[in-house]
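Given chain U, work out where chain H should sit, using these hints.
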Amino acid sequence: MSAPTKHRSAEEIGRTELGPRPFPELGEQRATADLDVVDTTLANGLRVIAVRRSSVPLVELRVRIPFGDPATSGTGSAHAARAEVLANTVLTGTATRSRVDVDTELALVGGELDAVVDPERLAFSGNALVSGLDTLLDVLRDALTGATYPDEEVERERARLVERIRLARSQPNVIAREALQRHLYGDHPYAKEMPEAEEVAAVTRGDVEALHAAAVLPRGSVLVVVGDLAPDAAVRAVEGALGGWTGEGTAVSLSPLPVVRGGDVVLVHRPGAVQSQIRLAGRGLERTDDRYPALQLANLVYGGFFSSRLVENIREDKGYTYSARSHPEFTPGGATLMVDADTASAVTAAALLETRYELARLGLVPPTESEVDTARRYAVGSLLTATSSQGGLASFLVNLAGLGLGVEWFTGHPDRLATVTVEQVAEVALEFFAPTAFTGVLVGDADLLAPQLRALGGVTLP
Amino acid sequence: MALPELHRFTLPNGLRVVFAPDPSAPVVGVSVHYDVGFRSEPEGRTGFAHLFEHLMFQGSESLEKLAHFRHVQSSGGTFNGSTHPDYTDYYQVLPSAALERALFLEADRMRAPKLTEENLRNQIDVVKEEIRLNVLNRPYGGFPWILLPPVLFRTFPNAHNGYGDFTDLENATVDDCAAFFDTYYAPGNAVLTVAGDFDVETAKGLVEKHFGDVPARPVPVRPSFAEAAPKGELRAEHTDQHAPMPAIALGYRIPDPVNDVTGYLTYLVLAGVLTDGDGSRLQQRLVHRDASVVDVGAGCGLFGPLEARDPDTFSITAIHSPEVTSAQVIASVDEELQRLADEGPTAQELAKVTARWVSTMHREHDRLTSRTLGLGSAELLFGRAELLYELPDKLAGITTDEVAAAAKALRPDSRAVLILNPANGGNE
Chain U
1 MSAPTKHRSA EEIGRTELGP RPFPELGEQR ATADLDVVDT TLANGLRVIA
51 VRRSSVPLVE LRVRIPFGDP ATSGTGSAHA ARAEVLANTV LTGTATRSRV
101 DVDTELALVG GELDAVVDPE RLAFSGNALV SGLDTLLDVL RDALTGATYP
151 DEEVERERAR LVERIRLARS QPNVIAREAL QRHLYGDHPY AKEMPEAEEV
201 AAVTRGDVEA LHAAAVLPRG SVLVVVGDLA PDAAVRAVEG ALGGWTGEGT
251 AVSLSPLPVV RGGDVVLVHR PGAVQSQIRL AGRGLERTDD RYPALQLANL
301 VYGGFFSSRL VENIREDKGY TYSARSHPEF TPGGATLMVD ADTASAVTAA
351 ALLETRYELA RLGLVPPTES EVDTARRYAV GSLLTATSSQ GGLASFLVNL
401 AGLGLGVEWF TGHPDRLATV TVEQVAEVAL EFFAPTAFTG VLVGDADLLA
451 PQLRALGGVT LP
Chain H
1 MALPELHRFT LPNGLRVVFA PDPSAPVVGV SVHYDVGFRS EPEGRTGFAH
51 LFEHLMFQGS ESLEKLAHFR HVQSSGGTFN GSTHPDYTDY YQVLPSAALE
101 RALFLEADRM RAPKLTEENL RNQIDVVKEE IRLNVLNRPY GGFPWILLPP
151 VLFRTFPNAH NGYGDFTDLE NATVDDCAAF FDTYYAPGNA VLTVAGDFDV
201 ETAKGLVEKH FGDVPARPVP VRPSFAEAAP KGELRAEHTD QHAPMPAIAL
251 GYRIPDPVND VTGYLTYLVL AGVLTDGDGS RLQQRLVHRD ASVVDVGAGC
301 GLFGPLEARD PDTFSITAIH SPEVTSAQVI ASVDEELQRL ADEGPTAQEL
351 AKVTARWVST MHREHDRLTS RTLGLGSAEL LFGRAELLYE LPDKLAGITT
401 DEVAAAAKAL RPDSRAVLIL NPANGGNE
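Line order of the protein sequences matches chains U and H. In this text, residue positions in the first sequence follow full-length UniProt numbering: the first is 1, and each later residue adds one. In this text, residue positions in the second sequence follow full-length UniProt numbering: the first is 1, and each later residue adds one.
Warning: the hint list may mix true and false statements.
Claimed, not checked - Cut-off 25 Å, straight-line C-alpha distance, at most; resulting in silico cross-link-like pairs (SDA-like, lysine to any residue):
no., chain 1, residue 1, chain 2, residue 2
1, H, Lys-394, U, Thr-104
2, H, Lys-408, H, Ala-331
3, H, Lys-209, U, Arg-205
Claimed, not checked - Facing chain H, according to a computed beta carbon distance under 8 Å, are these residues of chain U, among others:
no., residue
4, Gln-29
5, Ser-55
6, Ser-170
7, Ala-230
8, Asp-290
9, Tyr-292
10, Val-380
11, Thr-419
It should be emphasised that the hints constitute simulated quantities derived from the structure, not laboratory data. Bear in mind the structure is a predicted one, so any value in this text is a computation, not a measurement. C-beta atoms are modelled at their ideal positions from N, C-alpha and C, and glycine is treated no differently.
Isolated chain U, as found in the complex (with noise of 0.2 Å):
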């Protein structure tokens, strides 16, 4: 490349007159505000947390109705597809609204609202101008309690559906997802996230009406919003929506998962592929286990951020990946550790071996001081960065809420995460980051990767 003018070379540019000079020491933090909150439950079973939040005109809403499959088996179990349907066309018509009508009302109060549904929960997230609540409350109530499945609509949803499905599945993260769901919990309906075509293709419009009625139901449910209104005047809104929302029973949770255990990772043959998605998984801890802020600091220490041990060794040290990253995932009843990496073929055996590695040193030699402090400082800033604006506080609550938690969890957390010692954390890296204690997954192309991972070991192949 020839440059335009003469310039430097990169050693003249790398230094000047004065030297390094001393990187700046913090400055005084001012304290969060503490949050005006309501956190209350409805006559008809629904929980409501309303939030205080007065950055800008807006209002933020989420609800979260557990929706689990009541079969002990997602295999032949028709829920997930009849779900996926339902969600696909509960906000396509009611009594007065046909979906345009639903489009043309939010829009006019510039406002949205969606429903999208996994094996644990349908959600409905949504947002307006603070002036357009009562219109996002209406357009959610009459979903909730009158929706009325037009043939025509479900049927182009259905038929969208399968067609979403398969573009889906054509994703090599929805491929390695997909694949690790089933080692790791069998046909538990969590690991179905995805209804198969035929499953979709045979639901009707009944089973819809029929699935809605039984569980599309408020107690058991949470409705967060955060905006710029007062929170009893937000309640009692939602409480005028949506205090006619009834129904039988409690929305149903999922039954617990079977505990992770470690073993061999399994590849799955993706021919062609010149990638390879790796997919790891232990046994983590819930949010309310006293062990689980010095879990969450050895997370962080061992893959949760940038400046972890598996980013800096297997991207800025050995450029084996782009991206490489752990976390935890909370399930019903515990939690999963999971670790991601996506590699070239030619390095995938070697980035499963330093992954291994890395996950081996975190107990070994454990973090030090210097390692958890910057974890430590990382999970409370990012809390504070995370949850700043309207739509990061409503989600990040509206997730709390399902796990059964409030905002005191929110606002305690900071000092939980304060008190943890090194000692604890080294104590948890051991038990919980052993190499043996992982399974996986690894998705790729098996002619170009079979004799390296057969040398390396631990892993079975096709």
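Relative to chain U, chain H alone:
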């Protein structure tokens, strides 16, 4: 939308500074936007601007390799950088106590980055993994942002792949890095933005303390990337090894957002009328009535609106069923554009688009990362950080006639058509 208080000043070395104080949460955002993107990289060095962005995280005179990440994260913050057609940005969002640290980190690498052979080789490997992840190993990778420009544009700056090809990346040298830095990363070629919880006078002192002695260097003359709009319909086909279904992308030229912001924004409104929400024209027609496509989208700029100078692209993309031909999908799009051109949208359609944009802008403003980056890029590209807050009023002022005229200008005889075919013909 109420205009927040903005402060701006320029240091003697030419660095432009924008302050947007807001004490509503104890967090602060710091960004630096350099006026160079992948349109400026020379032939034979595709992907260089992005590769260089990675190098800027690899240490500087006062900071060893890895120190940047550790300092930001041990202060409780997050960081990233990204490369666009016309600019490259870097940011930190942190608890407000760490403001001086973020300024120090940005100043140190603006003054004296460490550009070494070892770090260059390491980051070439990382970038290749990034390209495998986002392009080569996934369905619809690079669709349409890498695939459409070479159909719509003829000149190298506008047409080439900004991620780069592997040979070009591997050929990059440390001396290329030195030349690129000296040419484009001058303080006078950058905008520093600070948004969030801070005191203006204190922050001004800190900016002067840390950036004041970054030596001034000549600012490169920005070349024009202008080229004529296509004459005729330009077509290309691409075979995707992983995609299960075919797709189309239509690309059109749109007015210069610098000289004709209203003309440009008319297309932003048109995009909303076409594909935003279940009631939009193309969702109604293609997804629900014809049931020919799975998803359809339209928008200004392949990286989002107001993210590039002229020439910029208006695109319409759809993934469709293999049972319909791309010609059928395109014919339906053209019919709907013609109908809009003849009859115009309704006042209610425009009211919907405008209200959703007002809400979207508030939401972007509420996320400190997007607020900081949005102010910085508006200042750099348009010289007006305020533009962010003026958009709702400007959008509300756009008339049904203007949108009809914009739809009419999306002519089949002056556009690019990209057809994406699955390698297996769409059969499983």
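Taking the hints in turn, this is what the structure says about them:
1. H/Lys-394 x U/Thr-104: holds, 21 Å
2. H/Lys-408 x H/Ala-331: Distance ~15 Å between H/Lys-408 and H/Ala-331 Cα, so the pair holds.
3. H/Lys-209 x U/Arg-205: Not satisfied, since the Cα-Cα distance of roughly 68 Å exceeds 25 Å.
4. Gln-29: Since the shortest Cβ distance to chain H is 4 Å, the answer is holds.
5. Ser-55: Holds. Min distance 5 Å.
6. Ser-170: holds, 4 Å
7. Ala-230: violated, 17 Å
8. Asp-290: violated, 24 Å
9. Tyr-292: violated, 19 Å
10. Val-380: Given a least distance of 6 Å, the restraint on U/Val-380 holds.
11. Thr-419: Because about 17 Å separates U/Thr-419 from the closest Cβ in chain H, which is outside the 8 Å limit, the hint is violated.
Going through the hint list in order, the structure does not satisfy hints 3, 7, 8, 9 and 11.
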